[in-house]
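Q: Each chain, letter by letter, is given below.
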Amino acid sequence: MSSLKLGLRMLRREWRSGELRVIWLSLLVAVAAVVAVGVFSDRVEQVLNQQANALLGGDLILESDNPISSQHSQQAAEADLKWVMGYEFPSMVMGDDEGRLAAIKAVSSGYPLRGELKISEQPFATAEDATGIPTSGTVWVEPQLLSDLSLSVGDMLSVGAISLRIVAVIRNEPARAAGNLFALSPRVLLNSVDLAATELIQPASRVRYQLMMAGELQAVKQHKAQLQLQLQPGERMLDVEDGRPEVRMAVQRAGRFLGLAALVSVLLAGVAIAMASDRYAERHFDHCAVLRCLGAGQSQILAIFLSQLLIVSVLAGGAGAIVGYVAQAGLVNAFAPLLGGELPAPSLRPAGIGLLVGLVTLFGFALPRFLALRQIPALRVLRRDLQGGGVQRWLVLLIGVSALMLLLLIQVGDVVLGLYAMLGVAATLLLLSGLAWLMVLGIGRLNGQVGLAWRFGLLNISRRATASVVQVSGFGLGIMALLLLTMVRGDLLSEWQLRLPDDAPNRFLINIQPDQVAEVEQFFAQHGVGNVPLYPMVRGRLVAINGQEVSVDDYPDDRAKRLLMREFNLSWRAHIPASNTIMSGEWWQMEGYEPAQFSVEQGIAEAFGLQIGDSLRYMIAGQAVEATVSSLRSVEWDSFQVNFFVVAPPGLLDQYPSNYISSFYLPNEHYALLNELVKKFPNITVLDVSTIIAEVRRIIERVTMAVEFVFVFTLIAGLMVMYAAIQATLDERIRETALLRTLGAQRAQLQKGLLAEFASLGMISGSIAVLAASGAAMLLAAKVFNLAYLPSPWLWIGAPLASAFVIALVGMMSTRFILKQPPLRSLQRE
Amino acid sequence: MVDSILKTRGLGKRVSSPEGELVLLHNVEMNVVAGETVAVVGASGSGKSTLLGLLAGLDEPSEGDVVIAGQSLFQLDEDGRAALRARSVGFVFQSFQLLDNLSALENVMLPLELTGRQDALAGATEVLERVGLGPRLHHYPKQLSGGEQQRVAIARAFVSTPALLLADEPTGNLDSVTGQRIIELLFQLNREQQTTLILVTHDNGLAERCQRRLELRDGQLWSQP
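Here the protein sequences line up with chains F and G, keeping their order.
Under the working numbering, the first sequence is numbered contiguously, ending at residue 840.
Under the working numbering, the second sequence is numbered contiguously, ending at residue 1587.
Calculated from the structure, these hints are not laboratory results.
Any given hint could turn out to be false.
Taking lysine-lysine and the PhoX-like style, the derived pairs with C-alpha atoms no more than 25 Å apart in a straight line are [stated by the list, open to error]:
no., chain 1, residue 1, chain 2, residue 2
1, F, Lys571, F, Lys762
2, F, Lys15, G, Lys1504
3, F, Lys92, F, Lys231
4, F, Lys571, F, Lys234
5, G, Lys1504, F, Lys830
6, F, Lys762, F, Lys830
Per label pair, the in silico range of CB-to-CB distance [said to hold, decoys possible]:
no., chain 1, residue 1, chain 2, residue 2, range
7, F, Leu408, G, Asp1439, 41 to 51 Å
8, F, Asp741, G, Asp1441, 24 to 34 Å
9, F, Ala437, G, Gln1582, 32 to 42 Å
10, G, Glu1425, F, Ala475, 31 to 41 Å
11, F, Ser824, G, Arg1449, 20 to 30 Å
12, F, Ala437, G, Asp1441, 38 to 48 Å
13, F, Lys830, G, Asn1393, 25 to 35 Å
Here the structure is a predicted model, which means the values were calculated and not measured.
Ideal Cβ positions, reconstructed from N, Cα and C, are used throughout, including at glycine.
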């Protein structure tokens, strides 16, 4: 009790005297950054997820082969979720005198819960948002169906036992994008009230029943977990993870960018706190000695300082959380219109995490130093040179970084990212301190070759060897983080955007027959549309791996189960596509290769646990085709190029029934060409993915904004590190400068000396930082973002110069008062 | 037989230096009785502060022992010695050693609070009034003059009515007039509380006010007439 009281009393004075300012402010910035980043990321991620869910038509979809019990919809309503029903099945529909297999979808009012249903009055004319669903007695159809059946809007379409009037053309349907784009018959959308009258749903019908749900993220999550437990055979759940791979990839990347930005901010703040805590502890050596001398036990001393830490962390944490919420609210308001409307309400979770990060950061970085305070010998009251046994600084930092990493793994939830950051920090610190030691040695040699002021400045660096190493490490880490984020923000993001250029393929052609290939190519050539590559596609079912038959029950992984239930699209190619990268194994040679080999997409390989050398057996048109996996590829699904999970070299699949597929860019104003194409080749289906592309592009733009927002906090945290690093040697500097002035040193001389010291520190920190940041960025690009990246050479020159300038400036500003005040006052400060 | 408050037995301290082992104190024998005032004098670097550190149990000897109020210091662990100091030993330092983040009153309350005394506030206020700092209870060390700071330090030393008071050059940082006043105060309180006072000084005037003077020379203690 008395220790707590004493701690509080001492703290009160620290507060007023301002000695605690750095640590308190650092902690505040740390917590504010974590909270703001956390809340903002949380809300942005929710928006991104919701917008990605727009492609599904809902946040959560329960799909079943049997009618969905009304109990499920009741439960959804009880969980505060909106819901609609959908029924999907293939059926022949009839025009005036011909029929076509169509993908029928009947929906209840309220559909779609997420995303936009776009329709137009004529095929390929300007699309508008639909304001509901087809009224009873009417249908909306995809343009393909009109051309297939030679129908127009206004004509009647027979669906089962009834005739419905075609009143609109479907241009974009959210849930359509979630399915398999390439196995589609044209869509016919009708109102579910007409469903019974069609008499199409019979006991043996292949109907997919869907309960689509949407609501608050938390409610969706909870309901999803609950539903998971109740799933019956034949029932499955769809969410964005199961949606189109290109959208999934974009959202995942978005999460990683934000995660990285948050991580860097936290790390920086942690370093600032470590340095400030270090100084705080050092400033209390004398206090501890006096307390020991007056009879305080080790545990009493620890209790006094721990209670101070606790109070600081609670106060700074609370203030930081408030600042974080205010900051994100301001920014969210500014960004909301750009983010496409209302952001979901902020949750309290980031505040909790922020406070926890603050607490762990403070204790993780300060505790070892404070434990050392216990060891301060009482004899220090008589001999000031005595210090405690203490803990090594690098160990202090290591403990702090480990503690932070633990939290980051929880917060970011990405082990790979966390591990890379941890390795990056460890390697950087090693590199920084190693190079700093070399610098200290090197500077000793410069001594005879420079003028007095520089000699004094440089001598300071080598004389304060340990402090200089710590300072360079602090500056270096701060600069590195800033550089890294600059690179990530600028270069990596634009790299990503380049992936999706303005002329990214926006149309897919499917179902082109082999004998039409030449004609289709000629058609586009005649109309001046170049670069319409046609790729062969063979459908096959995976039946055995390494000679063992596979069944759905063999794989716990949902993705593997789904893949086994349907047919794969296989293809053959001589060259590796540009949007693919070989991750292991080798692509086949141009000539003389063994045709029985497969190149498999990495994700699929993981789902099935495939490795190089495994053999896969497919059933293609009733015949078994077996080949060995010779390479694993990563595929940029968000490139909108035609890609395949499994590719064989020419010669293996050529003799099987195939059709061709193409993706290409066609400006919207040329849509008439598509009408002409489908008239000429009625069997070819045209898919318009421009809305999906726009969606992915919008996600990228939003991520860029969010990362820029997070960058502001990182910048503040980086500056705090530099400030703390300068503060670290401030006491010593004050004493020395006062002494030198007493001995007659001119102000200009001292100024030059300080300038030399800070500029050298900055130059060296900047050089090391640019080295480390480039390495880290290249590593991150390759391993986390799957992008190729080479840092600009300008950074190599610019960063050291800029950091020399900034650190010299900040250093001179924060030591200005020492040069201004009379030396005696400086000495008395001691 | 008069009670011995402090006794040393063959006390010695050696340290290793680049030139080899250095003997700071050798076979120091000391016996101080309750209520006695003793001055330890010696040239700069003669080991006065080392001896004071050992007497207070702030440092550990290379050999020998110190017994305070019947308790052997070096049979106790670090925390045990701290507890003994809290009970029985007061300090006055040359550099005052006040905690700059506590007010004069809070500094004086400190020894009482560390031993869990409930009357810390009243006790500290009373002693501060006795040393003439009643109007400056809530001032912080930086707001006080050197003499005032030393008076706070003296109040802090006496507040727990220690049996033994150790003073290290108590006037070393003060001008002669202020130093004189501080000495008066120190001896006055010492008389009033019947404390045993051991002070280390190179100020002969101050040493002469003590009942007994010991000189530290070549690491050994010699009685002065």
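Q: Would you mind marking each hint as holding or not holding in the structure?
A: Each hint, compared with the structure:
no.	hint	result
1	F:Lys571 - F:Lys762	71 Å, violated
2	F:Lys15 - G:Lys1504	22 Å, holds
3	F:Lys92 - F:Lys231	14 Å, holds
4	F:Lys571 - F:Lys234	19 Å, holds
5	G:Lys1504 - F:Lys830	21 Å, holds
6	F:Lys762 - F:Lys830	15 Å, holds
7	F:Leu408 - G:Asp1439: 41 to 51 Å	30 Å, violated
8	F:Asp741 - G:Asp1441: 24 to 34 Å	30 Å, holds
9	F:Ala437 - G:Gln1582: 32 to 42 Å	58 Å, violated
10	G:Glu1425 - F:Ala475: 31 to 41 Å	37 Å, holds
11	F:Ser824 - G:Arg1449: 20 to 30 Å	46 Å, violated
12	F:Ala437 - G:Asp1441: 38 to 48 Å	42 Å, holds
13	F:Lys830 - G:Asn1393: 25 to 35 Å	56 Å, violated
In this structure, the hints that do not hold are numbers 1, 7, 9, 11 and 13, in rising order.
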